[in-house]
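Chain D is already provided as a structure; the job is to place chain C on it using the hints.
Those protein sequence lines, which keep their order, are chains D and C. Just so we're aligned: the first sequence equals residues 1 to 312 in this note's numbering. Just so we're aligned: the second sequence equals residues 1 to 621 in this note's numbering.
No lab work stands behind these hints: they were computed from the structure. Among the clues, some could well be false.
To be verified - If the Cβ cut is set under 7 Å, some of the chain D residues that face chain C in the computed set are:
{"#": "1", "residue": "G38"}
{"#": "2", "residue": "A193"}
{"#": "3", "residue": "R239"}
{"#": "4", "residue": "G259"}
{"#": "5", "residue": "I270"}
Here the structure is a predicted model, which is why all the values come from computation and not from measurement. All residues carry an ideal CB built from backbone N, CA and C; glycine is no exception.
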Amino acid sequence: MNLFPYDSKFDFMRLRKVSLGIAIALLVIAIGSLTVRGLKFALDFTGGTVVELKFEKEVDIGDLRGKLEAAGFESAQVQTFGASNDIVVRLQPLAGQVNAEKTGDSVLAAARIEGNPAKLTRADFVGPQVGKELAEQGVIAVIFVAFGFLLYISIRFEWKFAIAAILATMHDVIICTGYFSVTGKEFDLNVLAGILSVMGYSINDTIVVFDRVRENFRGLHRLEAYEVLNRSVNQTLSRTIITSFVALLTVLALYFFGGSALRGMAESQIIGIVIGTLSSIFVACPLLLWFGTTRIDLLPRAKDDADLARRP
Amino acid sequence: MTLEYPNWKKAIIFLVLAFGLLYSLPNLYRQDPAVQISASRGAALDETIKDKVQGDLERAKIGFKAIELSEKRLLVRLLDGDTQLRASEMLRGSLGENYTVALNLASTVPSWLTRLGAHPMTLGLDLQGGVHFLMEVDRKSVIEHADERLVDDIKTTLRDRNIRGTAARADNGVLVTLRSDDDRKRAASEIANLAPSVVIEDGAGSLDSFPLSVKVPDEARIAAMDQVIDQNLSTLRNRINALGIAEPVIQRQGAARIAVQLPGIQDTAAAKKILGATATLEYRLSDIENASRTMDAVQSGRIPAGSRLYYTRDGQPVLLSRRVIAQGDEIVTATSTIDPDSGTPAVSIRLNDAGGRKMLQVTEENVGRPLAVVFIERIPETRIVDGKEVRSARIKEEVINIANIREPFGKSFQTTGLQKAEADELALLLRAGSLSAPIDIVEERIIGPSLGADNIRAGVNAVFYSFLFVMAFFVVYYKMFGIVTNLAVLLNLLLVVAVMSLFGATLTLPGLAGIALTIGMSVDANVLINERIREELRAGTSPLASIAVGYEKASGTILDANVTALLGGIALFSFGSGPIRGFALSLCVGILTSMYTAVSVSRGIASLFYSGRKKLARLSI
Chain D
1 MNLFPYDSKF DFMRLRKVSL GIAIALLVIA IGSLTVRGLK FALDFTGGTV VELKFEKEVD
61 IGDLRGKLEA AGFESAQVQT FGASNDIVVR LQPLAGQVNA EKTGDSVLAA ARIEGNPAKL
121 TRADFVGPQV GKELAEQGVI AVIFVAFGFL LYISIRFEWK FAIAAILATM HDVIICTGYF
181 SVTGKEFDLN VLAGILSVMG YSINDTIVVF DRVRENFRGL HRLEAYEVLN RSVNQTLSRT
241 IITSFVALLT VLALYFFGGS ALRGMAESQI IGIVIGTLSS IFVACPLLLW FGTTRIDLLP
301 RAKDDADLAR RP
Chain C
1 MTLEYPNWKK AIIFLVLAFG LLYSLPNLYR QDPAVQISAS RGAALDETIK DKVQGDLERA
61 KIGFKAIELS EKRLLVRLLD GDTQLRASEM LRGSLGENYT VALNLASTVP SWLTRLGAHP
121 MTLGLDLQGG VHFLMEVDRK SVIEHADERL VDDIKTTLRD RNIRGTAARA DNGVLVTLRS
181 DDDRKRAASE IANLAPSVVI EDGAGSLDSF PLSVKVPDEA RIAAMDQVID QNLSTLRNRI
241 NALGIAEPVI QRQGAARIAV QLPGIQDTAA AKKILGATAT LEYRLSDIEN ASRTMDAVQS
301 GRIPAGSRLY YTRDGQPVLL SRRVIAQGDE IVTATSTIDP DSGTPAVSIR LNDAGGRKML
361 QVTEENVGRP LAVVFIERIP ETRIVDGKEV RSARIKEEVI NIANIREPFG KSFQTTGLQK
421 AEADELALLL RAGSLSAPID IVEERIIGPS LGADNIRAGV NAVFYSFLFV MAFFVVYYKM
481 FGIVTNLAVL LNLLLVVAVM SLFGATLTLP GLAGIALTIG MSVDANVLIN ERIREELRAG
541 TSPLASIAVG YEKASGTILD ANVTALLGGI ALFSFGSGPI RGFALSLCVG ILTSMYTAVS
601 VSRGIASLFY SGRKKLARLS I
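Same shape as in the complex, but just chain D (with noise of 0.2 Å):
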């Protein structure tokens, strides 16, 4: 069986100018929606307000954390609290609600179940349950995560195919985060986790497209580097979509079956993986040509030379 035609001779490359702008475009999109909008965080980062709630008799957790979505408290974190008549809920408050009891109170009166009262016992407000170390931690990992890419891709390829996958990396990574700042879907741990595992996938994707230059500028003597590019991207053309397609099939399963908990994290990821294959053919690639590269930058080093004058 075939998903896709093995000769493939796309001109890919002809393209790289409407390809390098529409990513430029995506890319200013993106930085000015996260500085003009910035993020709809959610709970994890902003903290809210916790309220508990004592019932005369058990409750059903479903039915409660039905019960306040209907009143418009959005994505509450309701749970038993030591006995199953204690119920502890987290939440956002509602807009304009900046006093804890009052968020209490209606989340009490949003609970109300018949024949089963129940009293308030607390309504406090919960700070943030990542702390502002985890911004300062995450953005020194990912200059990190970059260099050593940098390091990596440099002394496996060369400095230009290292700066070009970080572009096209992080290229993902914004148009990524820019997506929910755009849409105002919020944004979560669980988002962010989506949001880094996109770096892993892109740079993957990326790097295999690469290995595939790098093993044709060395073997296709006569050709130009734009010819080489086109080939290499058609070659992998079939792998790409099949690693790309599988990998969607996976987030897809979360996404439709995964239910609320996990719908934020799939889309981050169904998001990331579409623009990383895409990222890997028209941005990578493309910067490469810009670049310059030629035959000369991957030529084997002088391990190789000694290697070869030691024959006979």
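Structure of chain C alone, referenced to chain D:
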């Protein structure tokens, strides 16, 4: 090129398979929700109690699996979480105050597996819930501490500027008494420089006493409290991190409280000890000028100004300067070692820059004078007064070491005088940062899962479907090689679960999804191999050679692609915290195991299928 797969590699595959099976096995044993009963105040824990518990449960129509009596505890294994809560409430009432009834999750893993070090993964707060502590910062002690510091700072400033006067703690601030109106003016401007947020007012004076009242406004108190809570939050994070408890939730709640939730820890007593521990160190100069008045101070209680009375571990009284040279929050790193000179346990300390400068300055000026190390521990006590629990705390301050300064030192030095266990614990606490104000646990409960049962079910189903889809696709697309790929993928899954269990990782729902995704992506290696084999076949290479060349050529690509992704994972693991770390761990483990299964194991399986067949006309790929 041939397809040969050496026997030793085959042996490794079987060893790896056995390892995977053995160490992922404990995850199949579901923990039983249980109620743990232990006796307190000398009450008996015997067959009679066991019979009583059994009778009570039967009367209340609460179904249970088993009741196990051991030396220290009685364990009632129950059917589900709801009956667990009902049973614990019922038993708490029926057994009375002489028994502690606590919720527990009892392992059902057979003991031979536990002896091999095989443990199940802990389920995260979202899937299973955990222990919830509410800790309260002692507001009074924060204020006292801040005011004492202010008094010390004012005294030092007055002395440095040659202003004669005294300073003492007063209601909501400090009362400074000076000798002249002129001094008072100078003092007021110095204090305003020292602490810009305070409100300074002249008090009603007499001929030779000119008081100055220094009041700390409420906003400054709130700001100070916020700072204390922020520091305590990060200290608690560090401590929990140092203990290797993954995926906790630590957040501020209300004005003076911190809520801590830990997954999977059911021994609340142990967790409490670590969280609330306040052991720290203070470095003070010995007050040798007044040494002769030590006994007098002990007997009469008249302690010379500028000194405080302490006792050493063997009960000797000693007067130390009021001024603290360095203390716990200035310590950057601390490690437990053995002092090479004396061979006794020691804590090797490194101060931050400010602390190091102060220490160097003081030791330079005081060579030959004794320096004392004070070990401070806060011991919380709960007493029952009129049937109600009353919490209080006793502060134990001991001089663990007093020795002459032989030569000036700055940032790095060693402190002796502790027992080995104390040195270890102190080093951990100092490393994680000391609490900038003591906190008491005011509430502890078992908290249920933060995700609903339906959400958990949906998530687990989704992960299952994602595997099913991927494997079905491979069989359809690559036929025989699809089966080879699927076998490698299954072994990869087994290995990821085994390694994560061995590391004691905590499994959350997004973590589970992360594992699914890691594996979904790791099949890339197999796609690369299979596509290369097809490419070789199209180029006219013979089937067996195609397999060999396909594996050979794809290996380099797979290595480059995975090493870069692995680099990313390692960086996230080293610099990330909490959920990011857990995620990075599953990413790294997934990449490493998939490199082995995709390249080596799948090749082994392929050679099993094909190597015996000399004349292979076509491949099923």
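Hints, one by one, checked against the model:
1. Nearest Cβ of chain C to the Cβ of D/G38: about 21 Å, over the 7 Å cut. The hint is violated.
2. Nearest Cβ of chain C to the Cβ of D/A193: about 5 Å, under the 7 Å cut. The hint holds.
3. Given the 7 Å rule on beta carbons, the hint for D/R239 holds: about 4 Å separates it from the nearest Cβ of chain C.
4. Hint status for D/G259 relative to chain C: holds, with the closest Cβ pair at about 3 Å, below 7 Å.
5. Because the smallest distance between the Cβ of D/I270 and any Cβ of chain C comes to about 11 Å, over 7 Å, the interface hint for this residue is violated.
When the structure is compared with the earlier hints, violations turn up for hints 1, 5 and for no others.
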